[in-house]
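Asks: Go ahead and model the full structure; you've got the sequences and the hints to work with.
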Amino acid sequence: MLSIINELRRRNVFRVAGAYAVVGWLMAQISVTLETSLNLPSWFDTVIVSTLLLGFPIALLLAWAFEITPDGVKRSTSPNGTDDRPAFKFLDLAMISGLVLVTIAVGYQLTTHSTGQNGNAVTVDIDPSDTDPASIAVLPFVDLSDTSDQEYFSDGLSEELLNVLAQVDGLKVASRTSSFSFKDRNEDITQIADALSVAHVLEGSVRKSGTRLRITAQLVRAEDGFHIWSETYDRDLDDVFAIQDDISNRILDELRGRIMGDVDQVGVARVDPVAYDLVLRAREVNSTYSVSNLEAASALYRQAIEIDPDYAVAYAGLAGVELLNSDAGGVHGSRPMTEVLPIAEPLLEKALSLAPESPQVWMRIGLMRQFSGDFPGAEEAYLEAAELQPNVGLNNYAVLLDRSGRLNEAIAVLKQEREFNPRSAPEHNNLVRYLLQAGRLDEARRTMDFVKTEFPDVQGRFSAALYDALVLAEEGRWADSVRTAEHAYRETPNAEATVNQLGFSYMIVREYEKVMSLGSPIFSIFVLGLTGNADQALDQLQPFLASGSARGQLRAGAIDLAATDRDWQLIADTLAPEWPASDGVEPCSDQDYPHFSVVAAYKELGRTEQFELVIACWNEVLEFRRANGYNDSNEWVDRGAYLALRGQTDEAFDAFDRAAEPAITNIFFEDWIDILSLSEHPRGHKLLDDYYTHLNAERAKLDLPAIDR
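Mapped onto numbering that gives the first Met the number 0, the consecutive letters of the sequence shown carry residue numbers 0 to 708.
Read the hints as simulated data drawn from the structure, not as lab findings. No experiment lies behind these values; they were computed from the predicted model shown. Glycine included, each C-beta is placed from N, C-alpha and C at the ideal position. Any given hint could turn out to be false.
[Said to hold, decoys possible] Here are the computed distance ranges between Cβ atoms for each label pair:
(1) Asp168 - Arg606: 44 to 50 Å
(2) Gln539 - Asp237: 54 to 60 Å
(3) Arg234 - Gly376: 38 to 44 Å
Replies: So, in structure tokens, the structure goes:
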């Protein structure tokens with residue numbers, strides 16, 4: 000036996016075996032990497048490893064039969080009876096070290112990986128950590144089509160997979176907004192997973208040519224980037240739903256029993272593939288929310304319904320774009336909501352009859368009910384959607400809670416939302432706004448700084464610069480707010496939100512000419528009122544109010560403008576009685592109701608009964624808001640005005656002083672002080688002096704002249 004070992008050493012068989020093992024293992028690892036990065040077929044790494052295994056005994060035979068000499072490769076000669084074994088050299092030490100490292104690596108893989116039921120799929124056990132092991136993010140699949148014009152399809156396929164997986168009990172799936180925030184960003188899978196707090200990532204690519212598809216999908220363990228499973232599908236477009244089924248269920252197969260409990264197989268609803276393609280196109284077109292794109296998306300959804308009259312998602316999508324193309328607060332269109340609701344409602348009734356357990360349908364129902372003023376019904380719909388799909392996205396629900404005066408709940412919903420949606424600019428920016436309303440400036444600033452770091456390229460409605468301008472205004476840094484809002488406006492001058500924020504920032508520093516230059520009819524109307532032309536302002540506001548669907552803020556603005564003109568009769572006899580009740584909510588209990596101006600009108604006209612009724616209602620609203628967390632400057636101005644009208648002057652000034660910490664941003668504040676006959680009171684005089692001192696200091700930073708009281 001010893002002589003055989005010596006002969007093997009003499010012929011360098013051990014060295015060849017060691018070198019082959021080290022190099023072969025490295026080639027196997029490289030093949031896995033190349034398969035992923037170059038989107039090679041799933042059998043590529045299998046072929047490489049199989050070839051390496053077959054080559055191993057051949058290499059040993061060649062090492063036994065031949066040896067390398069200064070004169071070339073020759074057949075090995077028999078031993079001459081002397082001990083001519085090669086001495087133990089550095090090469091042997093290096094080879095042994097390499098073999099030890101390979102053994103450790105392979106041993107680790109063998110203890111953590113096992114062959115899957117399909118033979119070429121690898122499964123992984125996840126060690127417990129802060130990240131839920133049963134969690135996944137679906138990244139947008141890459142469009143590899145020759146014409147590079149199928150991104151809408153690859154994005155849509157990714158979203159469909161995400162929605163299917165998100166409805167599996169026990170599986171946490173990062174939301175679309177967060178997953179898609181990494182689109183076109185060449186970041187490491189481990190870093191992406193860390194940002195999304197998930198243990199697995201599904202990535203892939205789509206190559207679409209006519210009706211032919213080639214879809215590659217890979218499930219990656221985020222901890223170390225190891226491919227748990229991968230597959231390539233070469234099919235016709237008609238098979239896209241079967242592909243989605245297979246990908247989803249293969250993922251569940253890998254997670255079932257080890258990371259998750261037993262879960263049922265999932266299935267994707269079958270629809271006409273042409274209609275499916277139109278819906279994906281409509282989603283892509285609708286992503287920018289411009290009026291023209293909303294109309295284009297509406298046309299695509301209608302085509303899809305014509306082709307497949309039983310396509311629930313198409314009905315829900317069409318209803319959604321119709322609602323967004325309305326004059327409801329916070330959206331993008333100008334069509335009166337009274338015209339839009341009769342269109343949206345039957346569409347959603349049809350969608351619900353076709354897919355009663357579709358979270359997307361329930362979300363659109365919630366939006367419709369919210370816009371129509373049915374807040375309890377909207378809340379029921381949003382919660383039903385979240386029950387069906389936990390990561391469905393509850394930003395609109397948070398807006399509803401705020402609109403209902405339930406600020407603490409709105410903040411809690413958005414903070415909880417970050418579990419599924421940690422990378423969403425809309426949710427974070429609304430959280431900033433609600434923290435400001437709660438008077439939590441430090442927390443709002445920290446959140447805003449995170450938004451600026453993580454979402455610096457978000458533009459339009461949820462621009463980081465836009466919300467930063469809002470924070471700066473509340474912090475009393477009005478000049479910085481103007482500059483930041485101007486930056487947001489330069490990025491997207493046609494976005495309503497950026498126009499509104501810049502107009503607001505200009506109004507705070509009383510740059511009324513610049514407000515007018517923005518071309519916003521609403522801002523122009525308010526500038527007229529603030530510069531002593533209330534009659535003209537009210538005349539221009541009438542068409543908006545006459546539409547029958549004017550936003551609460553506009554109705555309130557009309558009453559406040561009449562108050563600047565001291566037209567108490569108009570307020571008491573016309574504007575206040577026309578304030579509509581909505582679903583049992585009394586007008587004076589509406590969060591938008593302009594209590595101050597209405598109460599002041601009744602007081603000036605000596606209408607004691609109406610005065611007492613509305614001021615009692617105002618007190619209820621203030622107490623409700625206080626209990627629900629509202630604590631910003633505007634809230635303290637309201638409290639101060641209420642106390643002043645109740646005759647509690649000292650308490651009123653205490654509230655106004657609190658409102659001035661750090662700054663008062665209510666554009667009607669000075670006029671309210673005058674209506675309350677407090678401007679000549681010593682504390683009122685000081686309050687206004689301090690206000691103008693701050694105003695002129697901020698104007699000076701903008702190289703603007705001072706304004707006299």
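Asks: Run every hint past the structure and note whether it holds.
Replies: Now for the hints, and whether the structure bears them out:
Between Asp168 and Arg606, the C-beta spacing of about 59 Å breaks the proposed range 44 to 50 Å. Restraint check, Gln539 to Asp237: a C-beta distance of roughly 57 Å satisfies the suggested window 54 to 60 Å. In this structure the supplied range 38 to 44 Å holds for Arg234 paired with Gly376, their Cβ-Cβ distance being about 43 Å.
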